[in-house]
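Sequences listed follow chains X and L, in order.
For the first sequence, the residue numbers in our numbering are 1 to 162.
For the second sequence, the residue numbers in our numbering are 1 to 519.
Careful, some of the hints might be misleading.
As the list claims (entries may be wrong) - Restraint ranges, calculated between C-beta atoms of paired labels, are given here:
#	chain 1	residue 1	chain 2	residue 2	range
1	L	PRO383	X	LEU21	29 to 35 Å
2	X	GLY126	L	GLU502	50 to 56 Å
3	L	TRP237	X	ASN129	36 to 42 Å
4	L	LEU194	X	ILE17	22 to 28 Å
5	X	TYR150	L	MET342	38 to 44 Å
Unchecked claim - Straight-line Cα separation of at most 27 Å, DSS-like style, residue types lysine-lysine; simulated pairs:
#	chain 1	residue 1	chain 2	residue 2
6	L	LYS490	X	LYS72
7	L	LYS378	X	LYS131
8	X	LYS72	L	LYS494
9	X	LYS69	L	LYS494
10	X	LYS87	X	LYS72
11	X	LYS69	L	LYS285
12	X	LYS72	L	LYS424
13	L	LYS493	X	LYS69
14	X	LYS87	L	LYS424
15	L	LYS424	X	LYS69
16	X	LYS49	X	LYS87
17	L	LYS285	L	LYS514
18	L	LYS243	L	LYS285
19	L	LYS424	X	LYS86
20	L	LYS290	X	LYS69
21	L	LYS514	L	LYS290
Stated by the list, open to error - Far from chain X, by Cβ distances over 10 Å, these chain L residues were calculated:
#	residue
22	ASP178
23	ASN190
24	ILE242
25	VAL345
26	PHE376
27	THR462
28	ALA506
29	ARG516
These aren't lab readings, by the way, just hints derived from the structure by calculation.
Every residue gets a Cβ at the ideal spot worked out from N, C-alpha and C, and that includes glycine.
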Amino acid sequence: MKKYLNLNVFVSLGIIILAVLWLRLANSMGHTGIGDTASVWGTAASVPKFLLISLIIVGVYILITELRKASKSKPAENEDSKEERKKVFYPIALMVMILVYTLVLEYFGFIICTILLTAGAMLLFGSKNIKLIVAVPVAFSVFLFVTFRYVLLINLPTFSLF
Amino acid sequence: MISIASIFSGLTIPICILGVVAGIIFGFLPGLSATMGVALLLPFTFGMETVDSFALLLGVYVGGIYGGSITAILIRTPGTPAAAATVLDGYPMAQQGKAKQALSIATFSSLLGGLFSCVILVFLSQVLARFALRFGAPEYFAVGIFGLSMVTALSRKALAKGIASVLIGFLLSTVGLDLLTAVPRFTLGNVNMLAGIEIVTALVGLFAVSEIFSKVEDVRSEKGYGEVKALAGKIIWPLRLIKMYSLNLLRSSIIGTAVGIIPATGAGTASWISYNEAIRVSKDKESFGKGNPDGIVASEAANNAVTGGALVPLLALGVPGDTVTAVMLGAMMIQGLTPGPMLFVNHADVVSGIYVLMVIANIIMAIVGIAGVRFFLKVLNVPTNVLMPCVLALCCVGACAVRGYTFDIQCALVLGIVGYLFAKTDYPTPPMLLGLILGQTIESNFRRAMSQSFGDWTVFFTRPISCVLLIVAICAFMWPIVMYWIDTLKARKKSAAESIAEAATAAMDVADAKERTEE
Chain X
1 MKKYLNLNVF
11 VSLGIIILAV
21 LWLRLANSMG
31 HTGIGDTASV
41 WGTAASVPKF
51 LLISLIIVGV
61 YILITELRKA
71 SKSKPAENED
81 SKEERKKVFY
91 PIALMVMILV
101 YTLVLEYFGF
111 IICTILLTAG
121 AMLLFGSKNI
131 KLIVAVPVAF
141 SVFLFVTFRY
151 VLLINLPTFS
161 LF
Chain L
1 MISIASIFSG
11 LTIPICILGV
21 VAGIIFGFLP
31 GLSATMGVAL
41 LLPFTFGMET
51 VDSFALLLGV
61 YVGGIYGGSI
71 TAILIRTPGT
81 PAAAATVLDG
91 YPMAQQGKAK
101 QALSIATFSS
111 LLGGLFSCVI
121 LVFLSQVLAR
131 FALRFGAPEY
141 FAVGIFGLSM
151 VTALSRKALA
161 KGIASVLIGF
171 LLSTVGLDLL
181 TAVPRFTLGN
191 VNMLAGIEIV
201 TALVGLFAVS
211 EIFSKVEDVR
221 SEKGYGEVKA
231 LAGKIIWPLR
241 LIKMYSLNLL
251 RSSIIGTAVG
261 IIPATGAGTA
271 SWISYNEAIR
281 VSKDKESFGK
291 GNPDGIVASE
301 AANNAVTGGA
311 LVPLLALGVP
321 GDTVTAVMLG
331 AMMIQGLTPG
341 PMLFVNHADV
351 VSGIYVLMVI
361 ANIIMAIVGI
371 AGVRFFLKVL
381 NVPTNVLMPC
391 VLALCCVGAC
401 AVRGYTFDIQ
411 CALVLGIVGY
421 LFAKTDYPTP
431 PMLLGLILGQ
441 TIESNFRRAM
451 SQSFGDWTVF
461 FTRPISCVLL
471 IVAICAFMWP
481 IVMYWIDTLK
491 ARKKSAAESI
501 AEAATAAMDV
511 ADAKERTEE
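Kindly generate the complete structure, drawing on both the sequences and the hints.
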């Protein structure tokens, strides 16, 4: 059973589950359409429904193919996948950092958050030079803020906690 | 009054240079686009002479379309949707130490594509503009399907995964308010999702953020930082480029100009269609996506050829070919000009002035671009542990800049995770972007055509243009599949024949050995 649990199978399963949930949303949309053709292809849900059913069919086909491949895989390949799992810690840490960044950006503003994000990312990328870890994020974040906000007149979040 | 002499005297050329540089910066930075550049600089043209205002705006337009390719090649972050197809071969070339070559190919392909479209603009603008107006909903739908048919070329051996990818992209394009009925679709009650998923956000997520995730993993594994020789490779000059890629250049320029002429399409669609055609025609299909210069030529020549093409309906009919020319329509009106057939009669000098300025803007773009290669390449000398965090900050600001929503950064993060997982499981990501770019055009025009024909399917096949385009799309979709099957069958037959021959030789050997032992 264990050899069937690989990323390919998980992604295929994820696509099928996502498509089924999405289809439920499409079904709950009702029938708002243009004129008499609303009953067939004119509704807002018609094309998404067609796409979702196609996606489920393709997803099932991919899942079967991946399961077949997994059944033929050798135990050595599973050992490799354990190593793979260890490596993904860093991307996951970066993903969590970006998520936290997006959640606090509105409160702490662009400069503070971007400095922290860039410095954190530098640490994850293996930077050890403390001066560089401080200087680059500060300089780059301020440069981006000034360029976008004052030169290009694009609104970026500012500190608004108080 | 615009005369050729007035273009070459005064400040017109310096203003055009300024426009091109500003355009390149707008194209270069993710989140900004040529449209935004033209719109932002439009107020500066209020007090300018007609010739100077067009020099500035055309410079921004041409530079903006080209600028996206620089970041696409160097850091896998296409500055504009038009440069998305350039990533596929440009970035691998940069990773192989051929960044200089890739940038020069992008620059001169853009120049040649742009100049080709100028020639078409000069000689055929009125005839082609009338033809483009015959495009209705079925034709737009057919153009979209034709663009989508390249999924087979982009997916090759993982066709099912490519189709899944394109379907997901198409579904993402349906998120937000429905264009025809204004019904909110799949917004999950989130007001930020009413406007749908921004293409620039998707570009940033699928290409740049996913690459950052892959890089952080590589850095922490045995692969390490990897070395990229920034200054390796030679500049390919225009004459050599023409000699090496003449057919590709011509084909891509024609596609770009044709797509530009059709109103409401754009450089993004043109570059994908052209890229598909380059793969379809090439004898070495496998090398695409791994650093084949033909891919850059196809994408860049086509997206810059759109610039001249989009001006055709604007000047001849007063119908903008894309979003940038829509803003330029406003600029023309500010100058007291009404685009349309009468423009050629009442203001022939302005029309000829625009032709000349387009040529000049393209030439300046190439000069600025090639002069800047040395500076652009400095990016590759920055260590990965400094470059990637800076690219991440740029991605965040780019995603946020388009609409000013922090929600867009969350979208970029989700799409970055999707891109990262897809890369790990051999799902091609370009089809997803293709679905997202073309989805809205296909869906809205399909439904419009169906409602206009009262649900009659044959409308797509009774109109000659849409019928031809759909047949070509079906052929383009099926051709790589059929070729793949034929190759697989041939390979199977060959291996079967080889195994039979091997078995026969083994049997002969056994028989010989028996005879010898009996003797």
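request  = Of all the hints given earlier, name the ones this structure violates by number, lowest first.
outcome  = 1, 16, 17, 21, 22
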